[in-house]
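Chains B and C: place on chain A using the hints.
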Amino acid sequence: MAGLNKLIESDVFRAYATYATIVLLKMMLMSLVTAYYRLTRKVFANREDAAVHSKGGDVKKFLRTDEDVERVRRCHLNDLENIVPFIGVGLVYSLTNPDLFTALLHFRIFAGARILHSFAYLIPLPQPGRGLSWLIGYGVTISMAYSILSTTLYL
Amino acid sequence: MAGLNKLIESDVFRAYATYATIVLLKMMLMSLVTAYYRLTRKVFANREDAAVHSKGGDVKKFLRTDEDVERVRRCHLNDLENIVPFIGVGLVYSLTNPDLFTALLHFRIFAGARILHSFAYLIPLPQPGRGLSWLIGYGVTISMAYSILSTTLYL
Amino acid sequence: MAGLNKLIESDVFRAYATYATIVLLKMMLMSLVTAYYRLTRKVFANREDAAVHSKGGDVKKFLRTDEDVERVRRCHLNDLENIVPFIGVGLVYSLTNPDLFTALLHFRIFAGARILHSFAYLIPLPQPGRGLSWLIGYGVTISMAYSILSTTLYL
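Sequence lines, in order, name chains A, B and C. The first sequence runs 2 to 156 under this note's numbering. The second sequence runs 2 to 156 under this note's numbering. The third sequence runs 2 to 156 under this note's numbering.
Just chain A, with the same shape it has in the complex:
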């Protein structure tokens, strides 16, 4: 298992492991925020969930959409759309032996931008706050993808 030990001994891979875990935890937090809004606003998508809260009354009244719930859901979906490429591209990038300083710069900026993006989406901040934080995260992933394709291309 020497190969395994060596992988996790690499500083770049440890940095990837840390930041990948952080951004995935941040994305998972969106599930809890959605649940919080659904429970406090009593807004549900499924009959069996509404049934718990109707206490024998009208179930349909709890089966509706709510702007705040939809906002969290859009924020969650935006995370999926942007964090999935980061996880995939970042993993490959961290295995192409990049410079540690450069790699850390990419990971830190991405994590910071996505955390800002969530705040900008959920507060919400006026534009271009959310747009810029999205663009910075997007640019970091593009930069890592460019680095992979320019060093590792095998078509």
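The set of hints was computed from the structure by calculation and includes no laboratory data. Worth double-checking, as some hints may not be accurate.
All copies of an identical chain are treated as equivalent in the list; a pair is satisfied when it fits inside any one copy or across any two copies.
Here are the simulated DSSO-like cross-link-like pairs (lysine-lysine), alpha carbons at most 30 Å apart as the crow flies [to be verified]:
id : residue 1 : residue 2
1  : K27       : K56
2  : K56       : K43
3  : K43       : K61
Below, chains B and C without anything else, positioned relative to chain A:
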């Protein structure tokens, strides 16, 4: 290519490979369930799909939403939201040299919980069936993330 | 860090790195297409986005859904549902020491099918264009999953 051979010779990594493949296949199955409901209920989201089934008749009548189709789609999206973190966090976790027994326990509980979650969503079972199966899967990923951050942190 | 160097020296892993990056970039492109349609059609989901374009006028008029925007969003979600399994299954597959020619065949067909799928969805082409391109990508991932489970199973 000694490094590659060694990675797949690790029992923990083989376990990850197996369970990651199983939960991703389970998630892919949701696409087939959606297609099945769309075709049997004749409920489509795209004009070109409805056109195949309208046979020259009114296309619009097939362009609607259906509660059963939406339910499968919510189940599929919930898979994406929960299985993506498992794949990313689980990969890194399996490379931090965890104890084989502990790792297998995490992977098996997660896979079981997500399979139960799909049944609870699609049958549907009354709450808290679905809620608990979701929470167990969520907790497994959090536990692996905690293990990564406590052994590998590199900020 | 010999382990790391060896991983990226493997032709199969380099091929995976290349095609994973390509399909993730293709998926990220959907964000730009969505933004393009939202800006040119002036169709927004968030008040703070609509506010930028209403210039003091009625914000609500820009808060609507548009069939073309929804189409791109469905295409993007379909990418997530299909490219996520490819990234996860493909990574594990490329670490099970598959034959280089076979692996390249899988990766190339998947990337080609998903690019065709996007064109078929966005033009849109009449069915079964989109259905077939979806099925081919789906089949490639199933084939890699079968290969993993038949060589690496560890339950």
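Here's how the hints hold up against the structure:
1. Taking the closest pair of Cα atoms, K27 and K56 never come within 30 Å of each other, the shortest separation being 34 Å inside a single copy and 34 Å across copies.
2. In this assembly of identical chains, K56 and K43 lie within 30 Å of each other by CA distance solely inside one copy; the values are 12 Å within and 35 Å between copies.
3. For the homomeric pair K43 and K61, the shortest alpha-carbon distances inside one copy (11 Å) and between copies (25 Å) are both at most 30 Å.
Hint 1 from the earlier list is the only one contradicted by this structure; the remaining hints agree with it.
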